[in-house]
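Chains as they are written, first to last, in our numbering: chain A, 1 to 111; chain B, 1001 to 1116.
Hints listed in this document are in silico derivations from the structure and should not be mistaken for laboratory results. Honestly, I wouldn't trust all of these hints.
Claimed, not checked - In silico lysine-lysine, DSBU-like type, Cα no more than 30 Å apart, as pairs: (1) A/Lys51 x A/Lys103; (2) B/Lys1041 x A/Lys56; (3) A/Lys103 x B/Lys1022; (4) B/Lys1019 x A/Lys70; (5) B/Lys1036 x A/Lys103; (6) A/Lys103 x B/Lys1019; (7) A/Lys103 x B/Lys1040; (8) B/Lys1036 x A/Lys36; (9) B/Lys1041 x A/Lys103; (10) B/Lys1040 x A/Lys36; (11) A/Lys36 x B/Lys1022; (12) B/Lys1041 x A/Lys70; (13) B/Lys1040 x A/Lys70.
Predicted model only: the values in this text are computed from it and were never measured.
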Amino acid sequence: GQQVMQIPQYQHVQEGEDFTTYCNSSTTLSNIQWYKQRPGGHPVFLIQLVKSGEVKKQKRLTFQFGEAKKNSSLHITATQTTDVGTYFCAGRNQAGTALIFGKGTTLSVSS
Amino acid sequence: ETGVTQTPRHLVMGMTNKKSLKCEQHLGHNAMYWYKQSAKKPLELMFVYSLEERVENNSVPSRFSPECPNSSHLFLHLHTLQPEDSALYLCASSQDWVGGSSNEQFFGPGTRLTVL
Chain A
1 GQQVMQIPQY
11 QHVQEGEDFT
21 TYCNSSTTLS
31 NIQWYKQRPG
41 GHPVFLIQLV
51 KSGEVKKQKR
61 LTFQFGEAKK
71 NSSLHITATQ
81 TTDVGTYFCA
91 GRNQAGTALI
101 FGKGTTLSVS
111 S
Chain B
1001 ETGVTQTPRH
1011 LVMGMTNKKS
1021 LKCEQHLGHN
1031 AMYWYKQSAK
1041 KPLELMFVYS
1051 LEERVENNSV
1061 PSRFSPECPN
1071 SSHLFLHLHT
1081 LQPEDSALYL
1091 CASSQDWVGG
1101 SSNEQFFGPG
1111 TRLTVL
């Protein structure tokens, strides 16, 4: 079945450093979504990418969707302590059915 | 802040108990979901309901029984659970189940379940 892999599983950075998490699918995706879950909280939708090669920015966050629509990345520039949490990617297959979540990357930031 | 509510927020139960988790969405969505989140297997999809019909059941043990009486409410009935079922159970909803240009999922706060 479809699988969505995410790396790294954990990442610790100093405040001000950059951070990137990568998401890879075993199959071509129709779209990919990113969610953030703060410690003790629930996943909250960040963004959806649909087009091949698409790049979207939200302030210090940059999201990319690969040309083959099988991988994606989330890059945070100059991390802040408010960025801590687990970032999940979730891919929807070409049939457009259920969203498959990656295992997430947990980011910790020290000041 | 959230349009999806879940009760109870915390639940401790013995293996012989029967309990139910409740989810309610106030967003007018057509699809609702149950997820299990544990340290070892984050965000496992359990059940999907679309327009009150179950459309996906991901090999979940029969000790978990979902119910969707209407498009705004979703229940998860629990009986004879095992300690390994202890986890955070998250409910989510989305406008539709299939397709859609922006079919993001809105999650509730979850029920933290501990099975003794």
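Discussion item. What's the verdict on B/Lys1040 and A/Lys36, does the C-alpha distance respect the 30 Å limit or exceed it?
Written reply: holds (18 Å)
Discussion item. Checking one constraint from the list: CA of B/Lys1019 to CA of A/Lys70, max 30 Å. Satisfied?
Written reply: Outside the cut-off at roughly 41 Å; violated.
Worksheet item: Does the structure keep B/Lys1041 and A/Lys103 at a Cα separation of 30 Å or less?
Response: holds (7 Å)
Fill in: Restraint check for A/Lys51 with A/Lys103, where alpha carbons must lie at most 30 Å apart
The hint holds at about 23 Å.
Worksheet item: Regarding the pair B/Lys1041 and A/Lys70, is the alpha-carbon distance no greater than 30 Å?
Response: holds (22 Å)
Practice prompt. Assess, step by step, whether the Cα of B/Lys1036 is no farther than 30 Å from the Cα of A/Lys103, and give holds or violated.
Written response: holds (12 Å)
Worksheet entry | Given hint B/Lys1040 paired with A/Lys103 - CA-CA distance at most 30 Å | holds (9 Å)
Worksheet item: Given the hinted pair B/Lys1041 and A/Lys56, is their alpha-carbon gap at most 30 Å?
Response: Within the cut-off at roughly 29 Å; holds.
Fill in: Holds or violated: A/Lys103 to B/Lys1022, with C-alpha atoms at most 30 Å apart
Since the Cα atoms of A/Lys103 and B/Lys1022 sit roughly 25 Å apart, the hinted pair holds (cutoff 30 Å).
Worksheet item: For the pair supplied as a hint, B/Lys1036 and A/Lys36, is the alpha-carbon distance within the 30 Å limit?
Response: holds (17 Å)
Worksheet item: Taken at face value, is the distance from the CA of B/Lys1019 to the CA of A/Lys103 at most 30 Å?
Response: Holds. A/Lys103 to B/Lys1019 sits at ~28 Å (cutoff 30 Å).
Worksheet item: Holds or violated: B/Lys1040 with A/Lys70, Cα cutoff 30 Å?
Response: Given pair B/Lys1040, A/Lys70 holds - Cα atoms ~25 Å apart, limit 30 Å.
The structure fails to meet hint 4 from the earlier list, while all remaining hints are met.
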